[in-house]
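K.L.:
Here is what each chain is made of, one letter per residue.
There are 2 protein chains.
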Amino acid sequence: MARIVMKFGGTSVADLDRIANAAARVKDEVEAGHKVIVTVSAMAGVTNQLVGYVDQTSRMYDAREYDAIVSSGEQVTSGLMALRLQEMGVPARSWLGWQIPLRTNDVHGKARIEAIETEEISGRFAEGQVAVVAGFQGISPNNRITTLGRGGTDTTAVALAAAFRADRCDIYTDVDGVYTTDPRIVAKARKIDKISFEEMLEMASQGAKVLQTRSVELAMNHGVRLQVRSSFEMSDGTLVVDEDEIVEQQIVSGIAYSRDEAKITLVQVSDKPGVAAAIFGPLTQASINVDMIVQSVSPDGERTDMTFTVSKADLERARTALEDHRDEIGYREMLSDADVVKISVIGIGMRSHAGVAQTMFSTLAEKGINIQVISTSEIKISTLVAEEYTELALRALHTAYGLDAH
Amino acid sequence: MARIVMKFGGTSVADLDRIANAAARVKDEVEAGHKVIVTVSAMAGVTNQLVGYVDQTSRMYDAREYDAIVSSGEQVTSGLMALRLQEMGVPARSWLGWQIPLRTNDVHGKARIEAIETEEISGRFAEGQVAVVAGFQGISPNNRITTLGRGGTDTTAVALAAAFRADRCDIYTDVDGVYTTDPRIVAKARKIDKISFEEMLEMASQGAKVLQTRSVELAMNHGVRLQVRSSFEMSDGTLVVDEDEIVEQQIVSGIAYSRDEAKITLVQVSDKPGVAAAIFGPLTQASINVDMIVQSVSPDGERTDMTFTVSKADLERARTALEDHRDEIGYREMLSDADVVKISVIGIGMRSHAGVAQTMFSTLAEKGINIQVISTSEIKISTLVAEEYTELALRALHTAYGLDAH
Chain A
1 MARIVMKFGG TSVADLDRIA NAAARVKDEV EAGHKVIVTV SAMAGVTNQL VGYVDQTSRM
61 YDAREYDAIV SSGEQVTSGL MALRLQEMGV PARSWLGWQI PLRTNDVHGK ARIEAIETEE
121 ISGRFAEGQV AVVAGFQGIS PNNRITTLGR GGTDTTAVAL AAAFRADRCD IYTDVDGVYT
181 TDPRIVAKAR KIDKISFEEM LEMASQGAKV LQTRSVELAM NHGVRLQVRS SFEMSDGTLV
241 VDEDEIVEQQ IVSGIAYSRD EAKITLVQVS DKPGVAAAIF GPLTQASINV DMIVQSVSPD
301 GERTDMTFTV SKADLERART ALEDHRDEIG YREMLSDADV VKISVIGIGM RSHAGVAQTM
361 FSTLAEKGIN IQVISTSEIK ISTLVAEEYT ELALRALHTA YGLDAH
Chain B
407 MARIVMKFGG TSVADLDRIA NAAARVKDEV EAGHKVIVTV SAMAGVTNQL VGYVDQTSRM
467 YDAREYDAIV SSGEQVTSGL MALRLQEMGV PARSWLGWQI PLRTNDVHGK ARIEAIETEE
527 ISGRFAEGQV AVVAGFQGIS PNNRITTLGR GGTDTTAVAL AAAFRADRCD IYTDVDGVYT
587 TDPRIVAKAR KIDKISFEEM LEMASQGAKV LQTRSVELAM NHGVRLQVRS SFEMSDGTLV
647 VDEDEIVEQQ IVSGIAYSRD EAKITLVQVS DKPGVAAAIF GPLTQASINV DMIVQSVSPD
707 GERTDMTFTV SKADLERART ALEDHRDEIG YREMLSDADV VKISVIGIGM RSHAGVAQTM
767 FSTLAEKGIN IQVISTSEIK ISTLVAEEYT ELALRALHTA YGLDAH
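In the order they appear, the protein sequences are chains A and B. For the first sequence, our numbering begins at 1 and goes up steadily by one. For the second sequence, our numbering begins at 407 and goes up steadily by one.
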């Protein structure tokens, strides 16, 4: 008898039929003798509708009210899931963040979980009751509803699995696992049976949308065995596990891409100490994250060009912040380009194999694709290229690294 | 400087524009120097949609889950109203039932308010903050969300007014006050400037939909000055006050009607002690309320016909319960009729004026309308007639009691 956390995303609870379908999956696990905690997202589209209401009501909205409004979507699905389970003869009860309580800090809109009290729900476990937890939400020290950021129900699921020492945390979604790359673009993409936490973390943070980055990080830190699987098919999904559980490691496990990138170049910045701080200080103040950074060396050593990327949504605000600080920074011109894509090759095997980067560079060169920016980590190489090459680059790299399905 | 509770119903917060319009009314009161508590219903249609989800998910639903689901509508509007007020420069904060807390008993679906803690919100008052309370909801002793029954936000408003000792409780709605009768049927209906609690209570319980019956009862018991007024027009509404505040009392203040009636007749019941208990016991067990009752005396004194009314929604269940107990009751035949309407003439002046009932009977007789059942209270006469006469009866009675506008 295992303890299992089952998470159903927005497309898996998009309407009453799908909620019934998800409930049937829960019933299967209960009948197999397992203790089950379910956590659910809002019905697909509901969160966007609520966010739309907020955006139309207030330009600079109060994040406490945003959270109170937006968290209501999960409240509805958790109640409906509990009802549906009851209707199927499975004892169930819904739990909102404040009822558990699932305590977070007070950073509304992207709160971090600080503690989950397990006493109440554990008591119900003993009575054979399934707990249906509203995802994405918690309660702040000030007794206000908080939300965990978009995709936060993944984090709820992993945090519950850690708190309740679950044997498995199954993430049910509309795909049947993690793929070597996006199968909508690369027909030969393969489902990965097992992937390490580190690789999954890079895949998620480099654009693969199947899991929220923070949830993978949390699973890694607490050793929660994650499984990504389909709500609609009965097949096995992808297991996300410790590196040492993977017997035969791939050099490259997957290729991620992110279109949510925009490039900014400051031309002829003076090449002196403190200039990086002058540039990135105003961006930090405006809560804009900078991702890739490259500084090109000038021939005379006195002036340099600085190129970096921000998310597309932040581009206009970043430009404004940099214009406002033009005098302190001292650049000749600001260029920007939102038509770029970041393509990342990810694999633990890179640590011990040379030539992985070279394969990427030569493959892209062969296809005539110019690399604009490069960044690397221990298990990842990312390149920024023009967005129009997305499909071409992904297919070529997928073949070059031997990932194509037979 | 007064303390005011302002309640906005579903049509008054039906979309973002209407929420903005309602917020402007709140701002007016704040700028006039008043301390304001706002309470809101769900956007028109939302509660019905959520109830529909529940009905489709579970045949015999768990009322605790029903409440968790259905209360989310008010959560959204309270947040949006707070945001809109902030956007207009009015400090505001939303409050859910569990945050106040507004404590109720555990009768889910139609809970009764037991206590409202005022400390937190009073503290914010001192800082000039408007409290926006989600209507219709509270928290049970078991830490579960409860709801107060349909139209429950009226009750929330009055209970808040009582707890905070508000000088006024304004119920904003889509009509500009309480009318002598339904103006959609009787063109000459007049808006009533002042009406007593007792009359309003009869109006509401006899079918006038402008205020929930329980909220009037609560206002009466706590001496809360109610005002029913329009969200869309700036005119004064109807004040609901103590009887002694009304200088010139009308003999008849208004005429209410309810189409939600069905008549059942049990033919040839034996006229012996205990038969009423045998009939109404099974209905009580099935939670079916019986309203009007008339027992016709048989010539021989041995058998009698028993006629009574239930709400239309309960008719089939009532018939089933009575058929199941046919042997104990011992009737020859059961007849029923759902095409009936209850018309009620209401007025405090009735207490001291004779002939009010006679006017009703003769007016209906003149129009050839047969009275099927009669029931009276100190300030009300109700008659059950065939539904097709509704409009004719209302117009004739409105004229007969001198209520027509000039």
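Read the hints as simulated data drawn from the structure, not as lab findings. Don't be surprised by glycine CBs; every beta carbon is placed ideally from N, CA and C. Incorrect hints may appear among the rest.
[Said to hold, decoys possible] With a cut-off of at most 20 angstroms between alpha-carbon atoms, the simulated SDA-like pairs for lysine to any residue come out as follows: (1) B:Lys597 - B:Glu639; (2) A:Lys27 - B:Gln535; (3) A:Lys27 - B:Arg465; (4) B:Lys433 - A:Lys209; (5) A:Lys27 - B:Lys433; (6) A:Lys312 - A:Val294; (7) A:Lys194 - A:Gly149; (8) A:Lys191 - A:Arg165; (9) A:Lys27 - A:His222; (10) A:Lys191 - A:Val107; (11) B:Lys718 - B:Gly555; (12) A:Lys27 - A:Gly45.
[Unchecked claim] A short, non-exhaustive set of chain A residues, derived as facing chain B with CB atoms under 8 angstroms: (13) Thr47; (14) Leu50; (15) Asp55; (16) Ser58; (17) Ala68; (18) Arg84; (19) His353; (20) Asp404.
K.L.:
With reference to the structure, classify each hint as holding or not holding.
P.N.:
Tested hints:
1. B:Lys597 - B:Glu639: 14 angstroms, holds
2. A:Lys27 - B:Gln535: 48 angstroms, violated
3. A:Lys27 - B:Arg465: Given that 20 angstroms is the threshold and the Cα spacing comes to 18 angstroms, the pair holds.
4. B:Lys433 - A:Lys209: The hint is violated at about 44 angstroms.
5. A:Lys27 - B:Lys433: The given pair, whose Cα atoms are some 51 angstroms apart, is violated under the 20 angstroms limit.
6. A:Lys312 - A:Val294: Since the Cα atoms of lysine 312 (chain A) and valine 294 (chain A) sit roughly 18 angstroms apart, the hinted pair holds (cutoff 20 angstroms).
7. A:Lys194 - A:Gly149: Given pair lysine 194 (chain A), glycine 149 (chain A) is violated - Cα atoms ~27 angstroms apart, limit 20 angstroms.
8. A:Lys191 - A:Arg165: 28 angstroms, violated
9. A:Lys27 - A:His222: Violated. Lysine 27 (chain A) to histidine 222 (chain A) sits at ~27 angstroms, over the 20 angstroms cutoff.
10. A:Lys191 - A:Val107: Not satisfied, since the Cα-Cα distance of roughly 36 angstroms exceeds 20 angstroms.
11. B:Lys718 - B:Gly555: 18 angstroms, holds
12. A:Lys27 - A:Gly45: 26 angstroms, violated
13. Thr47: 12 angstroms, violated
14. Leu50: It holds, given that the least Cβ distance between leucine 50 (chain A) and chain B is near 7 angstroms, below 8 angstroms.
15. Asp55: Where the cut-off is 8 angstroms and the nearest Cβ of chain B is about 10 angstroms from aspartate 55 (chain A), the hint is violated.
16. Ser58: 4 angstroms, holds
17. Ala68: With a minimum Cβ separation of about 4 angstroms from chain B (threshold 8 angstroms), the hint on alanine 68 (chain A) holds.
18. Arg84: Nearest chain B Cβ about 5 angstroms off; hint holds.
19. His353: Violated, about 52 angstroms.
20. Asp404: Given a least distance of 44 angstroms, the restraint on aspartate 404 (chain A) is violated.
Hint violations for this structure: numbers 2, 4, 5, 7, 8, 9, 10, 12, 13, 15, 19 and 20, all remaining hints satisfied.
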